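Student: In order, the protein sequence lines correspond to chains A and B. With the first letter of the first sequence counted as 1, position 294 gets the number 294 in the working numbering; the numbers rise by one all the way through. With the first letter of the second sequence counted as 1, position 223 gets the number 223 in the working numbering; the numbers rise by one all the way through.
Calculated directly from the structure, the hints in this document are not laboratory data. Note that the structure is a prediction, hence the values are computed from the model and not measured. Certain hints may be false.
[What the hints assert, rightly or not] Pairs of lysine-lysine residues, derived as PhoX-like cross-links and limited to a Cα-Cα distance of at most 25 Å, are as follows:
1) B/LYS48 x B/LYS130
2) A/LYS159 x A/LYS186
3) B/LYS81 x A/LYS142
4) B/LYS77 x B/LYS258
5) A/LYS214 x A/LYS20
6) A/LYS214 x A/LYS23
7) A/LYS214 x B/LYS258
8) A/LYS214 x A/LYS301
9) B/LYS130 x B/LYS258
10) B/LYS258 x A/LYS142
11) A/LYS133 x B/LYS81
12) A/LYS139 x B/LYS77
13) A/LYS139 x B/LYS81
14) A/LYS23 x B/LYS130
15) A/LYS114 x A/LYS139
16) B/LYS77 x A/LYS142
17) A/LYS20 x B/LYS258
18) A/LYS159 x A/LYS114
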Amino acid sequence: MAAIEILGLEKTYVAGFWRKRPKRALHPLNLTVEQGEIFGFLGPNGAGKTTTLKLLMGLVFPTSGSARILGREWTDPDIKAQIGFLPEQPYFYDFLTAHELLNYYGQLSGVSAKHREQRIEEVLQRVGLADVKGVQLRKFSKGMLQRAGIAQAILHDPKVVFLDEPMSGLDPMGRREVRDLMEQLKHERKTVFFSTHILSDAEALCDRVAIVYKGELRGVGAVADLTSSVQGRVDIVWQGTQVPASIKALGAECHVTGDTVRAVITEAQQDAAIEALRRERLRLISLTPVRTSLEEYFVEKMRRADSTAGGAA
Amino acid sequence: MNARIGYIASNTFREAVRDRVLYNLIAFALLLSGAAIFVGQISIEIEKLVVINLGLTAVSLFGVVIAIFIGIGLVSKEIDKRTLYTVLSRPVRRWEFIVGKFFGLSGTLVVNTFCMAIGVFVALLYVSHKIMPADALIFIALYFIVLQFLIICALALLFSSFSSPLLSAVFSFSLFVIGSFAEDLRGFAGMAHGMTRWLATAAAYLVPNFSAFNIISSVAHEHPVAGQLVLHNTLYALFYTAAALSGAVLIFEHRNLK
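Chain A extracted, bound-state conformation:
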């Protein structure tokens, strides 16, 4: 059973007061996320990521389509006991303390009074807010609010966690902690679906990603698969400070750093380069295919979408 199945979910808003015009925020989206995955939902600002999450949370109603979460209709309110959600740039009841906030959300999620207190202490510790649990949220910084947001999303031990831009507003240390937390969730066999426009986070964390741009799904797959389109070139690194003439003759781009040399050559030249290093008695350190980075893949997808749209116009 998939954790999340999105079946043609689509959203069109009506904009304008006098002259009402339809504005499509999300084209029919089909997507499946397996249990235990960390799934990255990538796209630039305004791509439709938040709309998708709001649709899944039942905060906005779709124009058409449906979804299933853990095999049940996404509109079934009871399935929400199994879901955790962190909205983008969360804001909470600022008259409550962090402890009171979690107690309130625990009550609403149906966590029994017996387990609630223990669970609150646990998640506060986990997100690093245990020391300020008695402080009202109005005194919290943006980063602390983000942590409180993550705490409320995982408080009731949900099986699927939706995080909308979870790294937003966090300093590098905070981002690292959130990444660690997401990895811990994966180890606990939770499914994490998170939206981001920070590609390095997605590349470091995700089993699979989907790229959405202008409300349309542009690509989906494992990060390794998306970035495995080898460009027909290899990256060769050896120990030394000199570039042998035979490698120079291959027309390679070479960079000397300390006592290592890096060269990028074509796949066809790789045997000749290894032979040259062997002849010169230089120590080969690594030989790796040059892969497209997620960023290059992402930019390429957007460029292609823009050129298609431009062509159609």
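Given chain A, put chain B in place with the hints provided.
Tutor: Just chain B, lined up with the frame of chain A:
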């Protein structure tokens, strides 16, 4: 009562208290004690009448202002600040949220009214030096005031479920004013002719009849209150509140939270 409604209601109550809504009691206490001392010095034999009239009118007006200004923000504030997102992404039905908010605000107003009622009785004791059995009528007047609050809370919630806070405030306050003159409107409808009569009658029966809840003057003069009026007003308030709340729920159930 559904437990989630209770949690939402108690959180709403806590918000009102921590947002210093009950600070209005200080203004009320100052107003009432000042008035009691003042009328005690200038009036002969009508001090009690003045204190009851002034005290209950203040209880009513303070409560109406709180009901409208908190009621209109109950939903819109949660949408603007996006606190609603983390509530509705839990096993909370939208109708539970609206009903919970309603009970939370109603609870705040009941507590507020209770505190102000103590103030009225203290002022009464100050000017007349004793509490008479007839003063128990004040409790009925207070009960009617609370019933009014329930209707206003529900109306404020209804308006805020589809319009901006400013418009909701205008609508709610206008209905309160028109509803306070509902009997006059009915009288006017009886005298009018043609389309005007039809429109005035429709308006007179559609707006909440707050004038039927206002027995302050009658209580101040120690006139008895008919049991039938108590029953009628109770049923009317419950029906009107339920209708307004149902409208709010119906609209909110289909609203996209942008």
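Student: All hints, please: hold or fail.
Tutor: A quick look at each hint next to the structure:
no.	hint	result
1	B/LYS48 x B/LYS130	holds (11 Å)
2	A/LYS159 x A/LYS186	holds (10 Å)
3	B/LYS81 x A/LYS142	holds (14 Å)
4	B/LYS77 x B/LYS258	holds (13 Å)
5	A/LYS214 x A/LYS20	holds (20 Å)
6	A/LYS214 x A/LYS23	holds (11 Å)
7	A/LYS214 x B/LYS258	holds (18 Å)
8	A/LYS214 x A/LYS301	holds (11 Å)
9	B/LYS130 x B/LYS258	violated (58 Å)
10	B/LYS258 x A/LYS142	holds (22 Å)
11	A/LYS133 x B/LYS81	holds (21 Å)
12	A/LYS139 x B/LYS77	holds (19 Å)
13	A/LYS139 x B/LYS81	holds (16 Å)
14	A/LYS23 x B/LYS130	violated (70 Å)
15	A/LYS114 x A/LYS139	violated (29 Å)
16	B/LYS77 x A/LYS142	holds (19 Å)
17	A/LYS20 x B/LYS258	holds (17 Å)
18	A/LYS159 x A/LYS114	holds (20 Å)
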